Amino acid sequence: MPPSIALRMNHALPPEYRERLLRVGREATFAQGARLFEEGGHANRFWIVRSGTVALDMHVPGRRPPVVETLGIGDLVGWSWLYEPFVWQLGAVAVTPLQAYELDAVAVRLMCLDDPGFGRAVEHWVGRVLAHRLNAARARLVDLYGIYETKEER
Amino acid sequence: MTAVPVPHRVVARRPETADTVTLRFEPVGRALPDFLPGQFAMVHSFGRGEIPVSVSSVQATGGLAHTVRSVGAVSEGLCAARVGDVVGIRGPYGTSWRAEQARGRDVVIVAGGIGFAPLRPLILGVLAEPAAHGQVNVLIGARTPSDLIARAEVASWATAFTGVTVDQPEPDWRGDVGVVTQLLGRARFEPETTTAFVCGPEPMIRATARELAHRGVPREHIQVSLERNMRCATGHCGHCQLGGLLVCRAGPVVDWASAEPLLSVREL
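Order-wise, the sequence lines are chains R and D. Going by the numbering used here, 117 is the number at position 117 of the first sequence; the sequence numbering is gapless. Going by the numbering used here, 51 is the number at position 51 of the second sequence; the sequence numbering is gapless.
Just chain D, with the same shape it has in the complex (with noise of 0.2 Å):
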């Protein structure tokens, strides 16, 4: 970890959606730790900003690589990165996936938006290893079809079930249309013996968590990523605050059991 960004250059841009691209990186001097799944960097557009992005893949399995969102200043800059430009990472940051937590038990991965890519690796790593697992569900969510990532890439996933449902359907969408909790009544799994992994809006978040507890999920067996208004990410300037939890040395991963008191706090 450095406090430090490290030059990295883009060596492949791919244009995800129509404000979305998944940038991969190499560094171009010294490399940064390997990441895990589910822990995020600090990626530094120069003469923008930085901003915490989580890794859509990480270092051990295909290489580093983020998937960047446009919504602001930085990520904007980010997103018109071309192959050769050079940007400002440090990390790794936080805590993540803990993929072991599922080993021999069924899986429920909930996905919304953008919260997709933080899961992508996650998922590759379960799938890569069939025997390891029970049933293994892939739940997506997402306002339009449009905003959906790696449509090809999962419709090829070898899941007991996935599910994908959009807020707003277009003219020629087929599939689902609903909240993404819908999709849980069609997943295979036993409750008692699943850990479930969410990603998406907090809102989203909660809903699933709920629902997934309600249904018999042990609490500390339900994984969910935070997102905060991370700027140190190294736990002292305190932006990231959720209660007594600084989210960027605690999180983004926490289990339900401590997410859930904080996330049903007003204002908080």
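For reference, chain R alone in the conformation it holds in the complex (with noise of 0.2 Å):
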């Protein structure tokens, strides 16, 4: 399965542990422009994106805020949630009019406490959307366009 696809909720969890998820979730529109969640807010709630664009940005004082990354379709948003304290660690804007699943964290967390192998089911898949991303990120550091685009001497 290729990397990206595997870490797709409909992918990485199987039908029974999904449509438990899914219960606890209701689908949620956004307007471009709408912000999800505020850097440093309670992570209380996740998504998972039908259609659009959301952009992940960071607080940065006297400046608009960068943008780090952006998500599409399949895309999870969020993983705060999963993980004390409970805390958003980057904001989330709508790049574009945006359709997602939105889930309540606080239920979903209940549900791992509750049966271990939905839990550690959960845990794995975001576990691995964090690796992907971190990995993404470390590509990005590496800065590929640049020291490693050329062989030519100076």
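No wet-lab data here; the hints were simulated from the structure. Each statement offered as a hint is correct.
Cβ pair distances, simulated, as ranges:
#: 1; chain 1: D; residue 1: S264; chain 2: R; residue 2: A131; range: 15 to 25 Å
#: 2; chain 1: D; residue 1: H214; chain 2: R; residue 2: R120; range: 16 to 26 Å
#: 3; chain 1: D; residue 1: E153; chain 2: R; residue 2: R63; range: 23 to 33 Å
#: 4; chain 1: D; residue 1: P203; chain 2: R; residue 2: L110; range: 34 to 44 Å
#: 5; chain 1: D; residue 1: G244; chain 2: R; residue 2: R138; range: 28 to 38 Å
#: 6; chain 1: D; residue 1: Q101; chain 2: R; residue 2: E16; range: 41 to 51 Å
#: 7; chain 1: D; residue 1: A80; chain 2: R; residue 2: L130; range: 45 to 55 Å
#: 8; chain 1: R; residue 1: A31; chain 2: D; residue 2: A152; range: 24 to 34 Å
#: 9; chain 1: R; residue 1: G62; chain 2: D; residue 2: D19; range: 25 to 35 Å
#: 10; chain 1: R; residue 1: P14; chain 2: D; residue 2: G235; range: 45 to 55 Å
#: 11; chain 1: D; residue 1: E26; chain 2: R; residue 2: A31; range: 52 to 62 Å
Heads up, incomplete: computed chain R residues facing chain D, CB under 10 Å, no partners named:
#: 12; residue: A55
#: 13; residue: L56
#: 14; residue: E69
#: 15; residue: I73
#: 16; residue: G74
#: 17; residue: V95
#: 18; residue: A139
#: 19; residue: V142
#: 20; residue: D143
#: 21; residue: Y145
For clarity, every value in this text was computed on a predicted model and none was experimentally measured. Even glycine gets a Cβ: it sits at the ideal position worked out from N, Cα and C.
Reconstruct the complex from the two isolated chains, following the hints.
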């Protein structure tokens, strides 16, 4: 399975767990420019994008928040809800009109405690998403388009 | 093909970004054979030396042009060339994009950084024959929005999906931010009947080709353009050797089935 597809809930969770998860969710829409959450806020929800684009941004005093990454269809928006202290590490804003499944993080955490098998599956899924984003961030740190793009002598 | 640089005059110069220009050439005397998209030339800046540069436009469609990024002594000299200046060009060298392989199939073209330039004539060729192809997708990654080449032209292309993403956004950027492979999720193609073309830094090529192969695009239908240290460009000096492959002659365009084992070897 392609690495990026394997991260999607539809593929990462068995159907039974997926259905249980979606039972505590609802469909949500956001207008272009609407903010899903603020950095530092309480992480009590998370989303799976159905259509549109979300930008993750970072608070920088005195500046418009720089965008760190954008997320699209099928992507998980938010992971801070799963790990203490349940505080958003970044902000998120809808770049385009957005449709998403919105899930109640408190309910999902309780379900994880109640059923260790379900909990392991959810933690494994979110952990893989985190690892993928960490790797992507590291690839960008290397500045591939800069130093690796030439073999010409200076 | 010639082993001696043939004088060519710069007839047009278009700055693409702060450090990249596209130079259009006409022969001063005799002309070189026609280049094909994907092939490269050795371009000689007099008094500085010569470097390999892929063609960003070919004689058959708009005239011979090279897009050069200033990263070293020779490319700096080429970027500084003005209309009327003369440079030496020898070629064509290497393999071309096998555009005919994509006929009747969906097309995914993935460009990273200056890797956009060698793909441009291929893209124009594919878009010129919409009936001959399925859904055409163009995915572009760059370091910053300011490093994007031909933004207006890209926006005008009639594709099933055109995606542009950058590593480091600037304040006015409203597009995607992240690695170019993330755009594949939005591209419209049936993997089994898709032909892909990938050009950019080798780590980006590797990540993209792997993702495409994982999705089900046949490895022999993933064409990649490799960059190595071409010197003679005729397969004699060995500078561009990659395993058993002399990239200047067997490449730069090879299929992923051939390239994957080579790009997985450390320090090769």
